[in-house]
Amino acid sequence: MAAKEQEELTAIGSPDENDKKPSKDPNKKPKKRIYSQRQRNMMSGYLFISPFYLLFAVFGIFPILFSFYLGFFSWDGLGPMEFVGLNNFNIIFNDPLFWKSIYNTIMIGLMGTAPQLIAAILIAFALNSLLIRMKTVFRLAIFLPYVTSIVAVAIVFSVIFSNQESGLVNQAITFFGGDPVTWTRSEWGTKIAISVMVFWRWVGYNTLIYLAGMQSIPNDLYEAARIDGASLRQQIQYITIPMLKPFILFTVFTATIGALQLFAEPQIFQGGARPEGMTVVLYLYRDAFGSNAFGTASAAALVLFFIVIIFSSMNMYFTNKIGRSSKVGVKK
Amino acid sequence: MKSEKKKINTAKALIYTALTLVSLASLFPFYWMFVMGTNTNQAINQTPPVVVPGGNMGENFQNVLNSIPFFQAMLNSLIVSSSITIGVLFLCSLAGFAFAKFIFPGRTILFIFILATMMIPPQLSLIPQYFIITELGWLSDLRAVIVPGLMNAFGIFWMRQYIASAVPDDIIESARIDGCSNFRIYWNIIVPIVLPAFATLGIIVFMAIWGDYLWPLVVLQDQSTHTIQVALASLMDGRVLDYGMVLAGTFWATVPLIIIFLLFNRLFIRSITEGAVKS
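Residue numbers (the working numbering), protein chains in the order written: chain A, 1 to 332; chain B, 333 to 611.
Derived by calculation from the structure, the hints in this document are not laboratory data. Being a predicted model, the structure only gives us computed values, none of them experimental. Please note that a few of the clues may not be correct.
[Unchecked claim] Chain A is faced by these chain B residues, among others (derived, beta-carbon under 7 Å):
hint	residue
1	350
2	461
3	483
4	586
5	588
6	605
We put the CB at the ideal spot given by N, CA and C, even for glycine.
Take the sequences, apply the hints, and build the full model.
The structure is reproduced here in structure tokens:
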């Protein structure tokens, strides 16, 4: 068998050491080629990518179109759908709670991500200035929260920010002479607790990304700056931050998209949908699966979609703008 | 000269102190999970509260087992996450191979289309997807999570980039001369080369699916089909919360992940940062 293969191979002109792996291609009989290689590559190409498009047709395109459709109908999920025009949008735009959900989403997003990204840069900068051995230990400790699931994080922080006087944060507050806070029922208490959860889980992730970015900055730059007498702050401001721009933009982008989709944290922390922690996703979840109002829920989903698009394009606009201005800076 | 050295030492000490504090803050919730999970509810609610581990873990965990099918939920999560990971690795590398190495009409547009789908928030299709799953009769069936999870645009993008840069065209050409079919080229040549990319993408996908909450919550309504995230969240539903019990459950659901992470921490960290840097 192997000899026969060898013979064949020699015949087509590639007499290399293929006989070492005779099992590699057992069905190598001279095939009758109905299609040319190019045609066969085309067919394979389409065949290999088709699973994604098939799945996307069923679980992507169709649902998206159906969401647009459903946004203009009133439907309880069981009975007939009733065309209501823009009424669903009327309902949610006249619902103060919907506006609150948008406000909450943006507010918690800002509180959870802005301090987090700043802290991540500082931690990464500190880590980057260390010797290797200790760095590994710190890196592990800081990254561990990211491995924890969001649900677990939300549960642990629900206990830490418990309403009871014996809750950890309330204990600390009373220790310093303050009054215990009803965290899950207070406007700012809820937002602070949720922001802390977001902060804690993601700060290590962003730190590692920045660290990867900082390690790509050549050390000579810092040395030159130090010789010129640049302070630590100046080094961060004029070397680290500008060189990190692409990494910063990436983290801002992911953090923004993540913040707009916030759901598990408030839902678990407050034990359901309540006004103080109501986010847009929580609002549409409650409308759909709590009150079977699938029409208004779809309308809310569409609004969320447009908000995401607006934020994404803003992000891209700034990315391009900053990219251009930094190139100009290099030329100079 | 001497003062310069002193200054550096102070800076070093400051950095180490700051990093130690940050690390402690990072680890504290894990410690607290353990403290609460090993204490009785009574000890947790007293003033001042306990701050050291107690001896009640056994009873707390027994209470967890009485309220949720903990091991079943862990198994469900494992089934869902591993089948999606394996499926995604296969489908995405196949599609990535096609996009990287085959020429066919519409290739660029089809690829851009895949990139564009990454911009769509999954919540937009949440409600119709729920009705599709209902129509298919997959409510409270793990397939409801597994099948839609196989569609992964990021994975295709990732594999395409990797294959385009790691697989030389010559290898494919010479395999063709040897008479290999395109699928055989994929299986015998591409797969061995992209194994490192499988490891990183596999970790990213597995972690994302393991932690997913909203979609399983919507479609896995029967308690026996809950994933661990849905099951844990349902521990918080009670009117009077037994924190010892809730945190014992959370603790044991988190420990396996931490062990896996510590074992493969380099691979983990590389996967996450690479995933970020590449996109």
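Outcome of the hint check:
| no. | hint | verdict |
| --- | --- | --- |
| 1 | 350 | holds (6 Å) |
| 2 | 461 | holds (5 Å) |
| 3 | 483 | holds (4 Å) |
| 4 | 586 | holds (5 Å) |
| 5 | 588 | violated (10 Å) |
| 6 | 605 | holds (4 Å) |
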